[in-house]
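Student: This is what each chain is made of:
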Amino acid sequence: MTDQATAPKEDWTYEELRSEAEEIRQRLNLFRTSLGRFFVNKQELIDLMVVAAVAQEPLLLVGPPGTAKSDLVLKFRDAMGVRQEDYFEYMLTRFSEPSEIIGPIDINQLRDGRYVRREDGKLPTARLAFLDEIFKSNSAILNILLTIINERKFYQDGKPQPVSLRVLFAATNEIPEQGELGALKDRFVLKAVSGSVQDDHFTQLIDAGLNSEVYKTLNQKPWIENHASLDDVLKAGRYLTYQFGQTTGTADGSSDRQRFFPDDVFREFERLVKTLVREDRIFISDRKLVKLYKLLRVRSWLFSGGTVTLDDLRLLSYLGETHQEMDLLAEKIPNLLGY
Amino acid sequence: MLLQFPNSETLVLAISGGTVPEDVCATAAQAAVAQDGSIWVEFEGRLSRTSVRQLRDWGTTVRRGRGKLADQFTECVSWLQLVPLQKEKGLTSVSDRGQAIFQLHDESLLPELVNEILRQGNDRQSYRKITGDDSCVLLRVIGVPYYSLLRATEQWAQGRMTAFIERAPRVWIEAGYQHPLAARISPHAGEHLLIDKTQRWQNLTERPFEDIYRQSEFLLPAAAEPMADATTLPTLQVPIRLTRSTGQEAAEIYVLTDSACAQMDQFVRASSDAVLERLAFAITESDDQSPTIIVRIRPGRGTPPVLVFDALACRSFLKIPNLFVPVGNRIHPPLRRDAVRDLLAEDESRLIWLAPVTDGSSDAAVETTRAFVVRSVEDSAFLPLTSWVDYVLERDAETLTTWRLAHQFDFEDFVCKEERKQTKKKPVARPEPDRTPAGTTASSGKTPRKSAVKKLIDRFRGSAAQPPEDEEIVQLKAELSAVESRFLAMEAPLEDPQRLPLWDQMADLNAALGRSADSSICRQHRLWDDDHPDDHNWALWFETDVQAAHRLGAATLCSSEGQVTARELRRILKSTAPAPSEVAQLASWIAWSASTDSDIELLQQSLAAVQQHLEKYEASLAVRSCWLAWLALARISDDVLLLARARDRLLDRIYQHGLTADRDLPSFLRSGGSHAGDRFRQVREKVKDLHATIRAWSVANQGMASPKTKQYIDLIMAFAFARLGEQSLAAELLHSAEQDLLDKPDFVHHWLYDAYRYRIEAVLAGRPADGPFPESLLTRLEQIERIDRYKVDRLRQHSSILEPVEKLNPYHKWISRDDESLATRLGNLFSVSSRSELADRLQAILGEKLSTDDRARAVTIGLELSTRLGEQFAAGLLSEVVPLDRKLKDPVARANLLEKGLQIAAHYDHAAAVQDCFSRMTALLDQQTDAEVATLQALESLLSRSFVTLRKMGMRDEIAFLLEAMTRLVRDSRQEADSDPERLRILLQLAGGWFYFSQDRGWKDIDDARQLLLSGRLMEEGHVGTKKQTELAIAYLSAVSQAPLDEAVDRINDLFCSLEGIRDGATVNSHYSLKQLDIVEALVQTIVSDSFTMDSHSQRWLDDEEFLIRRRIHRDMRNMMD
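So the sequences go chain by chain: E and D.
Going by my numbering, 11 is the number at position 11 of the first sequence; the sequence numbering is gapless.
Going by my numbering, 948 is the number at position 948 of the second sequence; the sequence numbering is gapless.
Everything labelled a hint here was simulated from the structure, so no lab data went into it.
Keep in mind the model is a prediction, meaning the values are calculated, not measured.
Don't take each hint at face value.
[Claimed, not checked] In silico BS3-like cross-links for lysine-lysine, where the CA-CA straight-line distance does not exceed 30 Å:
{"hint": "1", "chain 1": "E", "residue 1": "LYS274", "chain 2": "D", "residue 2": "LYS197"}
{"hint": "2", "chain 1": "E", "residue 1": "LYS288", "chain 2": "E", "residue 2": "LYS153"}
{"hint": "3", "chain 1": "E", "residue 1": "LYS288", "chain 2": "D", "residue 2": "LYS744"}
Chain E on its own, in the form it takes in the complex:
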């Protein structure tokens, strides 16, 4: 069970956060640009990881083996200084059991008739988690994951218990077509492709890859530069959450959208969504649409301090549910936006 006494602080007030919001923003920007130096052509993915982390929305990395998906998350974790007890990673297989994810049953408590799991060091206690091959989950794991991702809780002895999970990254080689995994798939608003870079960045890949091998062998981690921490991410997310809900205290009582989403950009947003839904048959649920708004705001705050621009609408490129959709959106969205 989570030790509430040692749980890190996350209940910052708006006033506390407002004073350091800009500083946090700059640190996070520095973090993401610094981390991008250790990868070849993965800056966009790193930016997306930061955005998703701040928005506390799960991000799915899709790509063939050997395209730095796991490496991105590991370095992200290292660079962010995430403590071991705050981190959980696991490669799922068809045979993975729930106990491997959420901990084994506590035998002693079971003798007392209580169905309680020992979740220390497992997903419920982690604030940052990485689930590799997430779609290889079997139905037992699936239910647990859905509850954790969606409701941020899991059941101990029949009682719901909040989980510490704040940032979830997942990776997969293939996006499944099966219906039962559709719910899990839908939890990921953003799905980004981590592709091979050797065609266009052959030399850089060799150089960077060699360096990476050297670091691994010599156990060096130069990407740990302490530019930002997980707390910074969480603070940024909480700060923006406060902003989303603010309507009072403003001069005109305007909503977040009215303040930070210019009409023309919003119209473009609406138009893009309708076009994707109608013309390209991209499925965007209402829930996803709202989350998309959040992500747009996060991105705009992170990159430009607040107002959403047309450039932020590039996030719609990551709405694809299948490889074909991903490829289509990667080309179409910039085209529609005029880039």
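Here the structure of chain E is known, so what remains is to put chain D in place on it, guided by the hints.
Tutor: Chain D alone, transformed into the frame defined by chain E:
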């Protein structure tokens, strides 16, 4: 009239339902919309009462005055204008060909909109500027992107931009809306109508739109920078080297540098001249003045020989004939062929090769490219290698003197004793350890022969004996030849006991010479013709077969101790594919064992297995061997039925196929002795000469027929040569026919060629050439269209090479498959393979109520098939022959029935039935005075068949009688002239028959026929005459082929040199001349028959053989039954 519609739906209903007539709807009206949503319409005219009543039912009110809405009425061009647009649920996208018009009141929006649509890949845009009060820009887009269409529906665009989509011809409705009656709206001619959601109707005169490209200036990101051509270009130096290639091409030249002459010498000594003939060579001098020999493989048939030299092996490169690179190498970098040729092999008179050199710049073992030096030699320097080779004898030739039969063999007088040993149960001595049973002991009671030859014979008996020396072989052969000559010269009948010792001698001599097959056949003859053979003979027969099996490497019944054991017997019986020699020794063992009581217990213990094995594989046995074995088995088991079944099978075999020469006759009888052997060789030589004559004749008589007829003639001649043992000639003709017949795709030629080839190859391989075609050929045939199929079947119908057994109806494709006529059902019986099914079906037909003629037909066919169904079945049918013959009127039907009855009666040795049929046949002939020639023809052909039967029954006198009767009948028949072709044909057939008896009574008829054929008179009768000419020619050839050989060949040659008028007008002409092929095939079938290749003496001898076999079989059967 003023109507108040409660709502727009009622108005729509009234208009769409026709309650308000169309002409009313199309007229202008005044209308207003009240606050409650009701629509007031005032129009000129009135509606019918029905309409009014209907409208009232729907809640419409007829008003008398406008009331409070008086000033709200506005003009509308038609009632349809009153129908409000309905908002769509979601904006409908436009198809790729659909059109949309953007009406831009704010012209500043145009560039952004155009760019946005262009950005999405759509340049099918055109515009038009409208001036006036409602000035605007119209942008028409074909296949407008949805994204851009959405732009016009946004709030900000209201009043600034409206998008219209064409919903009906020339009717454009605002995007996002629908007009429920858009299809009814008919704008004026030359106008388009734009309807927005405010129900404002705008008329747009039809005028062309300007392409947006004309109004667009596409800005290049940077100014163009023209590039000037360079006047000079430095030469690029590209080194050419050799590099490894993955090809596995064969070498074509070899360059010998090290010890070239020595290598060549060694090579030539060890190579055949066939290889040397493929090679050419040239010699050059290298720098160190040692000779370099270049060996070149000349193009030729077959794969080039692989030569093993310590030399540089090179192959041609890029198909440049005079350029060679080392095998496994290629030029690097790869260049175009013309570039390589110009660079390296420009001089075509020289042969050039690239010799690799090491340039010392890198480790040669790992270098991937190598330098080379170009070497060449004049092409004219090459000479055939054989011109350089002299074959010398190491020793002088020794002149050999001809060995002459100068030795005198001091034989003792041979006394043939008429000994008849009665005892059958004397045990025979066990076989010797050298696996050869010893049968010749003093216990046999025979006086041993003590001649020199006998000593030779005794020396070489037994499988362990050393083969005779050359001189001894000569002696033995000479003796054998002498005995054979005495045998042939003997006047006594074949079964005369005087011949028995000769059989013994021939058997012994053949055995000594290692000719086990002939020896065994002689032993069988000896036992066959001897009513009481002694044990010694049985043993000798078994001994011979064991030796034969041993020599051929097959399993033997005798163990290493020389005894027949159960183990060896089991081994033989278990074999599922026994060699003929194994089956033969089993048969001889059975006969020996049963006759001498040797190993009788072993035989009785294994009786069932032995019977089963023998029945399964008896087809490989000689007829005599087979019968003697079955006779022995029947006696042991006392089973008459067993013997009867064996008899039926054997007789059927003889009936269907006759005697098998190589199994049933010794060599000297197959070739009819030395004289007939000479005749056979002469026949072969003369047929070769005949081929050229026939070909020339075919060309001269080609007419309208296909020139490919020559190739079919070649195929027929190939068959002839194959039958005559000229294998290479047959193969050569097969090959040349293939080249000429199959030069183009043509199903008929291809199929027929394959069919002929199948038959010819069967003969060449020694297989029977009379079975059905392979499945693959028949399947191909089923898949072609009718006409082609007809052409193929036509030739099959005529050709007895292609279809020696089955006779086809080429029109069968046109005949209904449901034909259940008696003729069809009887015909189908021949294809039934199951004995029981055949019996059932035949019984069913015979059980029907049939007319006399039909019953006669059924009985005739039944008799034909009775050899498969057994004697009892045949006997039942035979009993019907005479009663039916009494009732029949048609002489041809009678002759058919009697001929078949005679044949089957003789087959089953029903003497009484034979006599009945014969006497009725002669009576039939007597009754045919004044018969029509068609009747005579039919009779004659039937009689010809019965001649063959009677010959084999030994009924020569009866044949002569029938011949005489027929000849008289034909000559006395009412005919207009002796030279009538139909009549002549019959006489020609009879002439052939007379030749069999060595009588030349038919020569006059032959000369008459020749005269008629060469006169050309028949050709004046057109198509009918051509048919007669052909048939007469066939009959002529058949007749003269029965004559003495030289005369026959002269006549045949003469005919082909002079015969004309064989023209075809048939459908098959496109592929072959059927008549020509008929003639040639008739000739070929004649010349390959025994009657042509053998002299009459030998022919008769064969007939007697068959007769004696039948007689013995029937006699043994009767004895068994008694």
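Student: So, for every hint listed, does it hold in this structure?
Tutor: Structure-based check of all given hints:
no., hint, in the structure
1, LYS274(E) x LYS197(D), "holds (21 Å)"
2, LYS288(E) x LYS153(E), "holds (20 Å)"
3, LYS288(E) x LYS744(D), "violated (71 Å)"
Of the numbered hints stated above, the single one contradicted by the structure is hint 3.
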